[in-house]
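S.K.: Take a look at the letters that make up each chain.
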Amino acid sequence: MVDDLYQDLILDHSKHPRNCRAMEDANRNAEGYNPLCGDKLKLYVKMEGDVVKDASFVGSGCAISTASASLMTESLKGKTRDEALKLLDKFHDLLTTDTPVTKDLGKLIVFCGVRDYPARVKCATLAWHTLKSALDGVAEPVSTEDE
Amino acid sequence: MSTQSSLIEAGFDVETIRKDFPVLQQHIHGKPLVYLDSAATAQKPTVVVDAIRHFHEVDCANIHRGVHELSQRSTAAYEETRAKARNFLNSNTTNELIFVKGTTEGINLVASSWGRKNVKVGDEVIISAMEHHSNIVPWQMLCEEMGARLRVIPMNDRGELILEEYQKLLNPRTRMVAFTHVSNALGTINPVKEMVVMAHKAGAITLIDGAQAAPHIHVDVQDLDADFYTMSGHKVVGPTGIGILYGKAALLNAMPPYQGGGDMIKTVTFAKTTYADLPYKFEAGTPNIAGGIGLGAAFDYVNRIGLDKIAAYEHELLVYGTEALSSIPGLRIIGTAREKAAVLSFVMEGIHPHDIGTVLDRQGIAVRTGHHCAQPVMDWFHVAATTRASLAFYNTTAEIDALAAGLGKVKEIFS
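Protein chains in written order, with the numbering used here: chain Y, 1 to 147; chain W, 1 to 415.
Hints were generated in silico from the structure; no laboratory data involved. Do not take every clue at face value.
[Stated by the list, open to error] Computed footprint of chain Y on chain W; a stretch qualifies when at least three of its residues, placed anywhere within it, have a C-beta under 8 Å from a C-beta of chain Y:
hint	region
1	206-220
2	400-407
[Unchecked claim] Under the rule of at most 25 Å between Cα atoms (straight-line distance), these lysine-lysine pairs were calculated in the DSS-like manner:
hint	chain 1	residue 1	chain 2	residue 2
3	W	Lys411	Y	Lys40
4	W	Lys411	Y	Lys15
5	Y	Lys42	Y	Lys103
6	Y	Lys42	Y	Lys107
7	Y	Lys42	Y	Lys79
8	Y	Lys132	Y	Lys79
9	Y	Lys103	Y	Lys40
10	Y	Lys15	W	Lys120
11	Y	Lys77	Y	Lys15
[Unchecked claim] Chain Y side only, calculated, beta carbon under 7 Å to chain W, not exhaustive:
hint	residue
12	Val2
13	Tyr6
14	Cys20
15	Tyr33
16	Gly38
17	Gly59
Source: prediction; values computed, not measured. Built from N, CA and C at the ideal position, the CB exists for glycine as well.
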């Protein structure tokens, strides 16, 4: 049933997104866009050396994309660049493959229901695509259709 | 349900009609399918599916060539659809009806062939604020290429075009006015006849996008005095990949071909090619023969029910649906034109259309969510997207009740 997708933690983060603010002293930022639904997201990352010190976002989107951005920014803090990119890969696998769910995804496991809703995978990955372009220092807005 | 019973008394038996549509007889996620996305594509009755199968199983051959029996049968069946289209759109001759892939190709054909010949530097093309991307982008491309200017008729808060503003845009440099008959995103029915008169007074040519109108309104291109009118077969319960472009013979004759190839020529030598007469001049290559034949069956089917009856029934569904949705707190209908087709586009406070669409889908209810290929319309109403329930003559008031109940479930989850 649809409750498998909209689990309580996702609903909580969509209604009360964490780290939902612009960040003036960010040293990495990027814009993400999902042309299928018009959702836009701006991501801010503050790196200290190789470590994500802080992450935040602004934008409007559906419950899945908002909760994904909220939980992503939470989970990034304290991670190195490599750890963040590895997490991205694992998150992507969680949504698009049948690989068993691993514990190291932490709270992000809550998105495992998305794999049963192929039309919604891009909602969940928008923030993560944007993260990749922020870490890569890409200036152009990234689109979910660029894969 | 007095609405429905009054129509049944008038000879509109929706339950019998529904039996003609095999796709409607299924369950989705364990619930009966409630298909409310006919503005995207209409479902197909058995007679259309059978006509396509019959062509492939019995008559299959290429058309307009070959003296053998199958080719003659295929040609006759395909050309019969042109005759049916003439009746459907009331064109003066079948020569004025070009088979195209759909409305999008019809518009591109005119923008490319008529447009490149007639639109010059400093000229102007007018479109409206409620156009589908398919009636924006081809004109934008043309204007960019020719150094012309694209101008846009604005609309009011209801989603109605402002004719006084349209009048102000018309001037001696206006070459083309292209506008939709019915808006896909808002449902607005535009006063197209009046708009054509205004364009002609200014010496401009008109193109009407009939994709959303043809399934719901009786179209008479001669009465409208439209210069070009284009429609898609799949919105009129026909197959995808086939549509009709109507153009006045004098205009079509003066236009260069759109694509070159077989079937559009009289003679070919390496020195020179002479082109075929209308309508074949614009029909290069082997067309969608099966689609054309299926479209003929679709015209027959719609005619048998009667577009007037269809329009009346759909209007009652629209009134019923508007009332049902308006009573949901926090729901706002986008597009409240006084003349409106059976489209219910709406937003719900604090709930994204994609979430609405997913929750409805799990209840078997198919709606469209997103910008409906009309991003400027979304921008104008300051929304990123809407949820759209679009109704057809095979829908019922019970299905609208199911939609309203489904939206109740949406609210339960997200508020």
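S.K.: State for each hint whether it applies.
M.R.: Status of the hints after comparison with the structure:
A count of 0 residues in the region 206-220 of chain W with a Cβ less than 8 Å from any Cβ of chain Y is obtained; the coverage claim is therefore unmet, three being the minimum. Counting residues of the region 400-407 of chain W whose beta carbon lies closer than 8 Å to any beta carbon of chain Y gives 0, which falls below the threshold of three, so the coverage claim is violated. Restraint check for Lys411 (chain W) and Lys40 (chain Y): satisfied, since their Cα atoms lie roughly 24 Å apart, inside the 25 Å limit. At most 25 Å may separate the alpha-carbon atoms for a hinted pair to count; Lys411 (chain W) and Lys15 (chain Y) meet this at roughly 13 Å.
Taking the CA atoms of Lys42 (chain Y) and Lys103 (chain Y), the gap is near 28 Å; set against the 25 Å cutoff, the hint is violated. Taking the CA atoms of Lys42 (chain Y) and Lys107 (chain Y), the gap is about 22 Å. The hint holds against a cut of 25 Å. A C-alpha spacing of about 20 Å is found between Lys42 (chain Y) and Lys79 (chain Y), which places the hinted pair at or below 25 Å, so the restraint holds. Pair hint Lys132 (chain Y) plus Lys79 (chain Y) holds up; C-alpha atoms about 14 Å apart against a cutoff of 25 Å.
Using a Cα cut-off of 25 Å, the hinted pair Lys103 (chain Y) and Lys40 (chain Y) is violated, with the two alpha carbons roughly 30 Å apart. With a C-alpha separation of about 53 Å, the suggested pairing of Lys15 (chain Y) with Lys120 (chain W) is violated against the 25 Å cut-off. With a CA separation close to 21 Å, the supplied pair Lys77 (chain Y) and Lys15 (chain Y) stays within the 25 Å bound. Contact between Val2 (chain Y) and chain W, as hinted, is supported at the beta carbon level, the nearest pair being about 4 Å apart and thus within 7 Å.
The closest approach between the C-beta of Tyr6 (chain Y) and any C-beta of chain W is roughly 6 Å, which is under the 7 Å cut-off, so the hint is satisfied. A least Cβ separation of about 14 Å between Cys20 (chain Y) and chain W goes past the 7 Å threshold, and the interface hint is therefore violated. Taking 7 Å as the C-beta cut-off, the interface hint given for Tyr33 (chain Y) is violated, the closest approach to chain W being about 11 Å. Using the Cβ-Cβ criterion of 7 Å, the hint placing Gly38 (chain Y) at the interface with chain W is satisfied: the shortest such distance is roughly 4 Å.
For Gly59 (chain Y), the shortest C-beta to C-beta distance to chain W is roughly 10 Å, which exceeds 7 Å, and the interface hint is violated.
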